[in-house]
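Residues in the sequence shown are numbered consecutively from 1, following the working numbering.
Treat the hints as calculated values from the structure; they're not laboratory data. Careful: at least some of the hints might be erroneous.
Claimed, not checked - Simulated DEER-style distance windows between Cβ atoms:
no., residue 1, residue 2, range
1, E100, V136, 39 to 49 angstroms
2, K147, S28, 25 to 35 angstroms
3, E100, M137, 36 to 46 angstroms
4, D106, I14, 40 to 50 angstroms
Unchecked claim - Listed below are the simulated DMTMM-like cross-link pairs for lysine to aspartate or glutamate, each with C-alpha atoms no more than 25 angstroms apart in a straight line:
no., residue 1, residue 2
5, K60, D138
6, K41, D106
7, K79, D122
8, K26, E100
9, K31, D106
10, K31, E100
As the structure is a prediction and not an experimental result, all values here were calculated from the model. Even glycine gets a Cβ: it sits at the ideal position worked out from N, Cα and C.
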Amino acid sequence: MIYISIVSHGHYEIIKKLGALSNLTKNSFVKIIIKDNLGEKSLEEFCYVNNITYLKNSVKKGFGKNNNEVFNTIAQNIKTDDFFVVMNPDVFIDANVLLEAVYECDKSNAYVATVNLYRDFDKKEYDNSIRKFPCVMDFIHSFLFGKNKCS
């Protein structure tokens, strides 16, 4: 079984638009768990329709804490030959690519791995900087106006 943990911070629209999760759930070897940090009703309905386990927070939590809670939720069911994948909600992955990555991890006895990310569906433009790092103006804006661009 491949368990996929996704934390949503208001990402319902992009999850729906990409369609990756709807396609992945059609495979009996994939179990998707979405942790909803904001409580989007539309995301909850999407999960129900697509046979995705939906977990809703009562208070906002960070990326790591949310994924740890998802893992703890499935820990009693996970077997030694299962895989736990932490995936961002804005990632599109095909089931065959996922299987290939899991196969490579299994073959090399990898306990931790990552994949190349691309900015396009043709897989020609690498996403070398997964995270947008703040600049000085971001800190000034945050200090003066009490708002972060990322929140």
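Hints and how they fare:
Remark: the range hint 39 to 49 angstroms for E100 to V136 is upheld by a beta-carbon distance near 42 angstroms. At roughly 45 angstroms, the beta carbons of K147 and S28 sit outside the given window of 25 to 35 angstroms. Between E100 and M137 the C-beta distance comes to about 42 angstroms, which sits within the given range of 36 to 46 angstroms. With their beta carbons about 30 angstroms apart, D106 and I14 fall outside the hinted range of 40 to 50 angstroms.
Distance check on the hinted pair: K60 and D138 sit about 22 angstroms apart at the alpha-carbon level, within 25 angstroms; holds. In summary, the hint linking K41 to D106 is not supported, as the alpha carbons are separated by about 37 angstroms, beyond the 25 angstroms threshold. Pair hint K79 plus D122 does not hold up; C-alpha atoms about 35 angstroms apart against a cutoff of 25 angstroms. For the proposed pair K26 and E100, the alpha carbon gap of about 17 angstroms is at most 25 angstroms, so the pair holds.
Of the pairs offered as hints, the one joining K31 and D106 holds, with about 18 angstroms between alpha carbons and a cut-off of 25 angstroms not exceeded. Note on K31 and E100: the hinted pairing holds, with a Cα-Cα distance of about 17 angstroms set against a maximum of 25 angstroms.
The structure does not agree with the numbered hints 2, 4, 6, 7 stated previously, though it agrees with the rest.
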